[in-house]
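Asker: Required output: the full structure, derived from the provided sequences and hints.
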Amino acid sequence: MRNLFERVLWSSRLSVMLGVLACIVAAFVIFIMGLKDVIHMLDLIWSYILTGSHEIRNDLVMVVVEILDTFLLGAVLLIFAFGLYELFINNLEVAEKSKAAGKILVISSIDSLKSKLGKVILMMLIIKLFSYFIEMKPQSMLELLYMGVIIVLVALALMLTKDKK
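Counted from 1, the sequence shown has number 40 at position 35 by this note's numbering; the numbering is strictly sequential.
Every clue listed holds true.
Simulated pairs of lysine-lysine, DSBU-like, Cα-Cα distance not exceeding 30 Å:
1) K167 with K119
2) K41 with K133
3) K133 with K167
4) K124 with K142
5) K133 with K119
6) K167 with K124
7) K41 with K124
Ranges between beta-carbon positions, derived for each pair:
8) V157 with G123: 18 to 24 Å
9) S145 with G24: 44 to 50 Å
10) G153 with A27: 39 to 45 Å
Don't read these hints as lab results, they were simulated from the structure. Yeah, the Cβ is synthetic: ideal placement off N, Cα and C, and Gly gets one too.
Answerer: So this is what it looks like as structure tokens:
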């Protein structure tokens, strides 16, 4: 009885495949959304070339920031899918043999997965902060000082997440 229970329990790890497949599908959907944004960006570039409008330029910068954010979100979903698969199902031998993949897609523990996801999510937050800074028009020196402090804190966060080699 115990042996049967342990086999069922061990086999239940395969249910993680649902999450892996869902993350991969979601990543492809996000990438398609990003491609749609790229097409919108190309349209804005064409309009900017024809008119030289400052308003179109600002819209163009915001679309570029949104594109970066969108593709990073797709990358987060893929990294999470790879990590779940490697932790619960099997190692990705193709990733280990590939020189192009390096070590970014090799997940050895939950901490390794959290670290990789944390770095990408930090980049997404920095891009979102950048988009807020583009829209902001500081009204006082204090607001400008706050923006400077935020930039220093972001630089510190990036420094602390840097790999030690």
